[in-house]
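Protein chains in written order, with the numbering used here: chain A, 463 to 697; chain B, 463 to 697.
No wet-lab data here; the hints were simulated from the structure. Just so we're clear, the structure is a prediction, and the values are computed from it rather than from any experiment. Be a bit skeptical, because a hint or two may be false.
Since the list gives no way to pick out one identical chain from another, each pair is judged satisfied if it fits inside one copy or across any two copies.
Stated by the list, open to error - Here are the simulated lysine to aspartate or glutamate pairs, EDC-like style, with alpha carbons at most 20 Å apart:
| no. | residue 1 | residue 2 |
| --- | --- | --- |
| 1 | LYS678 | ASP652 |
| 2 | LYS647 | ASP675 |
| 3 | LYS641 | ASP595 |
| 4 | LYS607 | GLU684 |
| 5 | LYS678 | ASP574 |
There are 2 protein chains.
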Amino acid sequence: MSEVPESKLNSLSIDCVIFGFEDAQIKLLLIQRELDPHRGSWSLPGGFIKMEEGIHAASERILKEMTGVDNLYLEQLGAFGEVDRYPLKRVVTIAYYALIKPGNYTLNPGPDASEARWFPLEECPPLPFDHPDILQSAINTLQWKVQHQPIGFNLLPEKFTLLQLQELYEAILQVKLDKPNFRRKFTRLDLLEPLDEYQKAVSHRAARLYRFDEAKYKELTETGFSLRELRLMGG
Amino acid sequence: MSEVPESKLNSLSIDCVIFGFEDAQIKLLLIQRELDPHRGSWSLPGGFIKMEEGIHAASERILKEMTGVDNLYLEQLGAFGEVDRYPLKRVVTIAYYALIKPGNYTLNPGPDASEARWFPLEECPPLPFDHPDILQSAINTLQWKVQHQPIGFNLLPEKFTLLQLQELYEAILQVKLDKPNFRRKFTRLDLLEPLDEYQKAVSHRAARLYRFDEAKYKELTETGFSLRELRLMGG
Numbered sequence: 463m464s465e466v467p468e469s470k471l472n473s474l475s476i477d478c479v480i481f482g483f484e485d486a487q488i489k490l491l492l493i494q495r496e497l498d499p500h501r502g503s504w505s506l507p508g509g510f511i512k513m514e515e516g517i518h519a520a521s522e523r524i525l526k527e528m529t530g531v532d533n534l535y536l537e538q539l540g541a542f543g544e545v546d547r548y549p550l551k552r553v554v555t556i557a558y559y560a561l562i563k564p565g566n567y568t569l570n571p572g573p574d575a576s577e578a579r580w581f582p583l584e585e586c587p588p589l590p591f592d593h594p595d596i597l598q599s600a601i602n603t604l605q606w607k608v609q610h611q612p613i614g615f616n617l618l619p620e621k622f623t624l625l626q627l628q629e630l631y632e633a634i635l636q637v638k639l640d641k642p643n644f645r646r647k648f649t650r651l652d653l654l655e656p657l658d659e660y661q662k663a664v665s666h667r668a669a670r671l672y673r674f675d676e677a678k679y680k681e682l683t684e685t686g687f688s689l690r691e692l693r694l695m696g697g
Numbered sequence: 463m464s465e466v467p468e469s470k471l472n473s474l475s476i477d478c479v480i481f482g483f484e485d486a487q488i489k490l491l492l493i494q495r496e497l498d499p500h501r502g503s504w505s506l507p508g509g510f511i512k513m514e515e516g517i518h519a520a521s522e523r524i525l526k527e528m529t530g531v532d533n534l535y536l537e538q539l540g541a542f543g544e545v546d547r548y549p550l551k552r553v554v555t556i557a558y559y560a561l562i563k564p565g566n567y568t569l570n571p572g573p574d575a576s577e578a579r580w581f582p583l584e585e586c587p588p589l590p591f592d593h594p595d596i597l598q599s600a601i602n603t604l605q606w607k608v609q610h611q612p613i614g615f616n617l618l619p620e621k622f623t624l625l626q627l628q629e630l631y632e633a634i635l636q637v638k639l640d641k642p643n644f645r646r647k648f649t650r651l652d653l654l655e656p657l658d659e660y661q662k663a664v665s666h667r668a669a670r671l672y673r674f675d676e677a678k679y680k681e682l683t684e685t686g687f688s689l690r691e692l693r694l695m696g697g
């Protein structure tokens, strides 16, 4: 690797899969493209990496441009670089996924888009380029991760009910879970701290609120756990 | 993303972390660089991506150039792209890791290297660029993966003893494991198929050979498992 051949690859972009959880649904943040190619389509937000910024910094910048916030849960999915993924030119993209709480932010579509909007995952419009592959990879990663690390909490409010937690897992894993079994498994992890507070009752009995134990969260993020049996309980 | 800015990033490379398992040790395949920068250093094998090949194909090509073999276990680790990772130019690299069986191949250092050699991980020479970070990321991934997917078998001979399997896990996790506990955990996974064959005895009693059950291997690769307790048994 002495001489870098100048002409070989002419660009590198970032694309972000941004997940939220609202109304018991997983949602996806998309932008409407204002530029060619695929002008007018809804696509994953992204952009080119500047010469003077690292790739992770570029993904943080794009996310901050859209939400006004930094320090969000943001992880790299990997590079996507099939030869024909982008028309006319060779562009490799580095994909990231982020977990955020939809209600907390005022969206800003950024410089190359006319609009930014949350879509329920099931109502996702057709995506251009290889964005369907990138999205599928993000979904697979999220499904795997929530069964082995406690990252799902990045999608929940600070205080949540056990029902909300179960709905989150059901929405991510796309299965119905058995309530006593789910609660028993989670209890065994020692991750949940019960509070002396209750959800405001609407038409039913007020449910206890929980938050996650910070120390245990860190420990389990590092060591991982297994909730794979959850998937087998689907009904 | 209408116009791709031609001058922003001038190149993209591939780097491969190639692990093997031999003499109860994890080994790393390195090449000695024949070109600047860092001429003469031992580094991760790699190269530039050709215009007409996808990124995964590029990593397969590099691996095949070195070993003469394809269809090896090869996974992307992700992109590494700090601004100053490469001298003078901006080069982002996409890192892969591979698992191979050292004894099976005649090594070929490839066009830009004078030599290719297996190093025990503990005797790894100082690596140039951000290769130490890439290696650490590969080690972390391997340690995580062997505790949740049965990928370790890609490092073992087709038929192996339970001692070899334990030595593999000890080498990867860098801990001593409790033998009965380890065997019990593995037995529970139903992954091992005992054979009516025995290792050639040298100075001790001949040990039974095992192989992994193909169907179960596929199932566990998909669903994952948890062997995290293994790490807590270190002595």
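The hints, checked one at a time:
1. LYS678 x ASP652: within (7 Å within a copy, 30 Å between copies)
2. LYS647 x ASP675: within (16 Å within a copy, 28 Å between copies)
3. LYS641 x ASP595: Answer is neither: 33 Å inside a copy and 43 Å across each miss the 20 Å cutoff.
4. LYS607 x GLU684: both (12 Å within a copy, 13 Å between copies)
5. LYS678 x ASP574: neither (41 Å within a copy, 48 Å between copies)
Taken one by one, the earlier hints fail for this structure at numbers 3 and 5, listed in ascending order.
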